[in-house]
Amino acid sequence: MKHVIIGAGVAGITAARTIKELNSNAEVVVIGDELFLPYKRYLLTEFLCDSIQRDDLLFFSIKKLNELGVKLRKGEYVKSIEPSEKVIKLHHNEVVHYDKLLIATGGRPGLGLVLRPFKKHIHFYYSLYDTLILKEKLPEVHKCIVFGDGVSCLDLICVLHNLGKRVTYITRGERATFGLEEDDFEGDLHEFLEEKGIEIITEEQIVSVEESDQGYKVETIQQKTLTTDIVFAWDFYKPNISFIEGSAIEKKLGILVNTRLETSEKDIYSAGDCVEIYHPSIKGYWINFGLPNALEQGRVAGSNMSGQNEEYKTQEAIVFNLMGTSLKARWWR
Amino acid sequence: MKYSEITIRFCGIAGDGIVASGKIFAGACANIGLHVMVNNIYSAEIRGMGKSSATIRFSTSKLYSMGDGLDLLVGMEAKESIIDLRDVKEEGNVFYDTSTIGDVEEEDSLVSHITPEMQGHGLPIQKLANEATGTNQGKNLVTIGAICYFYSLPPEMFVDQIRSVFAHKGEHVIDVNIKAFNLGYEYFKEHYPLNNQFEFDKTSEPMALTSGNDAIAKGALDCGLKFYAGYPITPATKIMEIAAKELPKLGGWTLQMEDEIAAIGAVLGAWFAGKRAMTATSGPGLSLMCEMINLSVMAEIPTVIVNVQRGGPSTGLPTKVEQGDLNIALYGGAGDSPRVVMAPTDSEECYSGIQLAFDIAEKYQTPVIFLSDLFLGQRIETVTIKENIDRDRCTRKKPTSEQLEDFQRYQITDDGVSPLIVPGKPGAVFSTTGLEHSIKGNPNYEEEVHSMMTAKRFRKFESIVEDLPHAVILGDETADIGIAGWGSTIGSILEGMELAREQGVKTKLIKSIMIHPQRENLFRKFFASCKKIIVPEMNYQGQYAALLKSRYGIKPIEIHIPAVNPVSPLKIAQKIMEANSELSQ
Chain A
1 MKHVIIGAGV AGITAARTIK ELNSNAEVVV IGDELFLPYK RYLLTEFLCD
51 SIQRDDLLFF SIKKLNELGV KLRKGEYVKS IEPSEKVIKL HHNEVVHYDK
101 LLIATGGRPG LGLVLRPFKK HIHFYYSLYD TLILKEKLPE VHKCIVFGDG
151 VSCLDLICVL HNLGKRVTYI TRGERATFGL EEDDFEGDLH EFLEEKGIEI
201 ITEEQIVSVE ESDQGYKVET IQQKTLTTDI VFAWDFYKPN ISFIEGSAIE
251 KKLGILVNTR LETSEKDIYS AGDCVEIYHP SIKGYWINFG LPNALEQGRV
301 AGSNMSGQNE EYKTQEAIVF NLMGTSLKAR WWR
Chain B
334 MKYSEITIRF CGIAGDGIVA SGKIFAGACA NIGLHVMVNN IYSAEIRGMG
384 KSSATIRFST SKLYSMGDGL DLLVGMEAKE SIIDLRDVKE EGNVFYDTST
434 IGDVEEEDSL VSHITPEMQG HGLPIQKLAN EATGTNQGKN LVTIGAICYF
484 YSLPPEMFVD QIRSVFAHKG EHVIDVNIKA FNLGYEYFKE HYPLNNQFEF
534 DKTSEPMALT SGNDAIAKGA LDCGLKFYAG YPITPATKIM EIAAKELPKL
584 GGWTLQMEDE IAAIGAVLGA WFAGKRAMTA TSGPGLSLMC EMINLSVMAE
634 IPTVIVNVQR GGPSTGLPTK VEQGDLNIAL YGGAGDSPRV VMAPTDSEEC
684 YSGIQLAFDI AEKYQTPVIF LSDLFLGQRI ETVTIKENID RDRCTRKKPT
734 SEQLEDFQRY QITDDGVSPL IVPGKPGAVF STTGLEHSIK GNPNYEEEVH
784 SMMTAKRFRK FESIVEDLPH AVILGDETAD IGIAGWGSTI GSILEGMELA
834 REQGVKTKLI KSIMIHPQRE NLFRKFFASC KKIIVPEMNY QGQYAALLKS
884 RYGIKPIEIH IPAVNPVSPL KIAQKIMEAN SELSQ
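Taken in sequence, the protein lines are chains A and B.
Quick note on numbering: the working numbering labels position 265 of the first sequence as 265, and the sequence is numbered without any gaps.
Quick note on numbering: the working numbering labels position 367 of the second sequence as 700, and the sequence is numbered without any gaps.
Simulated from the structure, these hints should not be mistaken for lab results.
There could be a bad hint or two in this list.
Distance condition first, Cα-Cα at most 25 Å in a straight line; then the derived SDA-like pairs of lysine to any residue [unchecked claim]:
no. : chain 1 : residue 1 : chain 2 : residue 2
1   : A       : K64       : B       : T448
2   : A       : K79       : B       : M451
3   : A       : K2        : B       : G435
4   : A       : K2        : B       : V437
5   : A       : K120      : B       : V437
Remember, it's a predicted structure, so these values are computed and weren't measured experimentally.
Input sequences plus hints: build the corresponding full structure.
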């Protein structure tokens, strides 16, 4: 039985480990588009701050990977899936056959039509690759502009601030909320950030980024001009599933799965941030972002791919450390 | 990552521009003062029908061998590159083409064989090449552009070299190749911006490049080569090509003969007529020449034969290296047939050594077999050759006026060397024959004459020893582990010794261009000072080890590698460590 897992993040690696634990003879191939050994994305901030070493990011060493008997293929991405043939096609036209397939490609930030032409001047803070580039540049960086939304955006603001950089945050909203509703965060997040020295510009958005003598010149829709050493921006964070186009796998924003994490196509499962699953709290399909969900979905998918019959139950919350304050986030409410 | 030394291999099929890649890289590195060594491996088949690779090692320090392992494998042709993945270092890199046409099954895909220890980097090599050149050519330049960015090398070093290499093909070819280079560079800059740093002194002076074959040809021309006759054979043909181009400019001749027997016959004739002459061949050609080598011995006509060894026996492995011709060089032919055998260890010695070969051949009227090999002959490397140009030199023993009155071509002398003249000198009549002969050269089969003449021919070798360069002891003279090697294996031995030294194990090496005869007292002294002796060589039988055992009574640890690739320094270091462990017990 050949299990192919697309995606080497938390969900993919957890599924691979689960499959091997249930059947050590199973053939497991994990295909990841990043150039590195599978790593814990949620620790990138600590790595950026030098709180941990690069090796501490890894799920396992090469030795452990070999002991586990999982074949890892790094730096490769999938072009298309043909469920009727039970094959996937990789970017270099290699055809890989599978018996069971798991799609665990997560989500990723992206730029809308306005910012896309300025992509080469804009940094993401998403992957280890982004982080390594950022680490190289940081010593020369004093002023930063951050434009975006979500917990990862807040995370970036915090880390830049903690590293002593002057941070300007631009949001389309009236307040800086990052889409969060806090349970036990005392006080107002917007005010809290401003008190910490973060400049927040509300009801604004970036419309152009150009190189200038002083780094970069940023223009906003309200015709403000700002200068900065580095620009972080993203318009959205969405499931990374463009390669399923034409495969008949049902999707909305993410891949639709049942509680066994099965997709509409036989022997194809999906887990993690690329999945939309029925959520009892909101009574509809929703993407369950976050580490606890990815871990549990990876485990359940791996188990079901191995012939078990498990149902996924939504994990309650993620815990986020905001400049020393613990924040529980349940953004689906 | 930061590097001061990098090894890259381009792997594809004949026609992919693999050899040109090595040439461009070597020239670019030499121009900015880096040490570089390039080893081309190609199939014996014609264009488009076999694997071809160029391995380039460049460094800020002097290089002695191709080292071990690849920092980067450039897989221009996926299927052919799969086997080369075994040479990629841990954490080494692989570039592969993402624009191949048609589906590829897993087992045929280079990418599917890349292990997690390595790092694969895809780029649309074919697509970018097409975009730049409008043809299927230029793939190599795309990958060189990518490499340039990947290791933060200065682009101008390659652009200058592209201009130089393609100068004879016109501006359009130069332009499209530079475009291909730029596309590869920009692709990597955009898709893999996080690059590595190759650190080097940007003020270094340019270095000269040569190959062993080039150095042999140049050395021969500089010391008075006047006539070359040969028959093309891989990997020696380059020597004939240079001779064909350069000798006419110097008033000399190059003849392509119908076979190797005719070639050496012509060379003997030229020497007989008083001209410095040479042929170059490889194992199969040397086999054919054995009868004529015997004639050279018997008739005491000087001759110089370069044998660029390749894998054997028979047609064997025409494009792979081996040191399997030592026995035929030493013993090939009929009867008691002494000859000089030399083996240069690097390109510098190819130049100086071939000049010594001519001097010895002429002075002692003997065949000299100069044993190079494919790796040494074809590899391109940065060198510092001390030129020695004297095209009128003559080392022959000329007769005195008294000797001319009653000329004895094979006069018995203390050093075994008789006076030699060019035929046609008035009054000095003599015969020359392959038959045993008297002092006048007339056939004579008497036991007494045969004994006397055989002894005379061997006595020359006692005299030759006095003219030989001393063997060199390298490494730590106080070491208990000694190594004896020959030919191009010496480079790998030196790097193996260095690897052992880094592990705290001292070694020493006795290095000599002379295989036969040798200054035996030096070797005896060296071996007596060793508790363990290691003899590595690229053949199955241990031909040099057998010679040393019979000559010096030693019992060495032998490393016999019937080679296809140059010897791994690591393999030698491992043997050294084993020997050291045995000594410690």
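A quick look at each hint next to the structure:
For the given pair, A:K64 sits about 14 Å from B:T448 by alpha-carbon distance, which is consistent with the 25 Å threshold. At roughly 22 Å between alpha-carbon atoms, A:K79 and B:M451 fall within 25 Å of each other, so this suggested pair holds. A C-alpha spacing of about 24 Å is found between A:K2 and B:G435, which places the hinted pair at or below 25 Å, so the restraint holds. Proximity of A:K2 to B:V437 is assessed by CA-CA distance (about 18 Å); at most 25 Å being required, the pair is judged to hold.
With a CA separation close to 33 Å, the supplied pair A:K120 and B:V437 exceeds the 25 Å bound.
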